[in-house]
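One-letter residues, chain by chain:
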Amino acid sequence: MRRILFIIPVVIFAVLIGVLAVLTLQTKDGRDPSLIPSALLGKPAPEFSLPAVAEDIPGGFATADLRGQVTMVNVFASWCVPCLAEHPLISRLAADGLPIYAIDHRDTAVDVAKWLKKNGNPYTAVGFDPNGRVSVEWGVTGVPETFIINADGVVIYKHSGPMTPKVLKDKILPKIREARE
Amino acid sequence: MRRFLAVFTILAAFATSALVSGTPALAVEPDEMLDDPALEARARELSKVLRCVVCQNQSIDDSAADIARDMRLLVRERLVAGDTDSQTIDHMVARYGDYVLLRPPFQTNTLALWVGPPLMAVVVATLALLFFRVYQREQGARTGPEPLTPTDRAQLDAFVEKLAAEPGRPRRKNSLRAEINHPFGAQEGDGGESDNRTT
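Line by line, the protein sequences give chains A and B.
Sequential numbering of the first sequence, starting at 3, is according to our numbering.
Sequential numbering of the second sequence, starting at 921, is according to our numbering.
Among the clues, some could well be false.
No more than 20 Å apart at the CA atoms, straight line, and that leaves these computed lysine to any residue pairs for SDA-like [stated by the list, open to error]:
1. A:45 <-> B:977
2. A:160 <-> B:1006
3. A:45 <-> B:1010
4. A:45 <-> B:1047
Here chain A is said to cover these stretches of chain B; the calculated rule only asks that three of the stretch's residues, wherever they fall, bring their Cβ under 8 Å from a Cβ of chain A [to be verified]:
5. 985 to 996
6. 1003 to 1017
7. 1042 to 1051
No lab work stands behind these hints: they were computed from the structure.
Quantities reported herein were computed from a predicted structural model and do not represent experimental measurements.
Beta carbons are placed, not taken as given, at the ideal position from N, Cα and C, and that holds for glycine.
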């Protein structure tokens, strides 16, 4: 009896450690507990309307523009360094024929115009969101963030942080392919 | 007296500063505030239960982050639009998920969170009680050291007799016997060692 009483807590402790160990090891395969799963997944893109940054930059778009085909919405800013890092990938996706809409998050028109001139503008349209109001509608917590919207205007994927070639190949391209089928 | 005055002054200073800082520093900026004090009060209460989504564990009422400001403005926007408190909360949850709630809701995926700790407490209490019971039973009626066996007693008696036989120590025998019979009882004088010296 006394031995059983000694064993029970040891077993509970071992099980607890085991469960926590499994959960911790899972983070290696990309399950990052610090990432917040988007509440928008599987839901229609939020209602919004964004003005253009300037006359010479194609832009100004709204919820309705995200229907009819698979699109990507990329939240970026000229002051955001990781955005610059993922820019070549965005450009390549756009060159391959994916319409990419940009939300310019908490930026100034002058800065973003300069940035797009320097780094190229692959975007179908750039929406100007200087006070982050529309970003809140999208549940944006930081830049860059990338959403994939299917032809029905439903958000099917969200990537937080800069896209990498690996993320593009393993997550984003399969999602786009799946959505186009 | 001078020291008392010094301590009193310091304490008084602390008390005053505590009173002055009774209302904590606000993250909410004057330009965000609503003109209607009732609505503003509701906005403040709601802000306290909503998490600033980039600050891990700070409410939007406490946080000075840009996004916290955006969220505070959205809360006020909803309230001005006539939303109830729960509609406003739902509006935020629809955008940021359950994570935006500082107090996690009670639902299937948070079951372990809510039920886990009380369950563990019950398990531990039960185990502790069982262990105590078993321990008590094993102890039985035993309250002190085991009683002397007849052999022990005979050996000790022989030892006492031998000591008492030494010349000039007449009191030794009785005090030793008393000690054997009442091992933890009240001792005579300062105890054995000083007994040695006085005789």
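So, going through the hints one by one against the coordinates:
no.: 1; hint: A:45 <-> B:977; in the structure: violated, 27 Å
no.: 2; hint: A:160 <-> B:1006; in the structure: violated, 27 Å
no.: 3; hint: A:45 <-> B:1010; in the structure: holds, 15 Å
no.: 4; hint: A:45 <-> B:1047; in the structure: violated, 48 Å
no.: 5; hint: 985 to 996; in the structure: holds (count 6)
no.: 6; hint: 1003 to 1017; in the structure: holds (count 5)
no.: 7; hint: 1042 to 1051; in the structure: holds (count 5)
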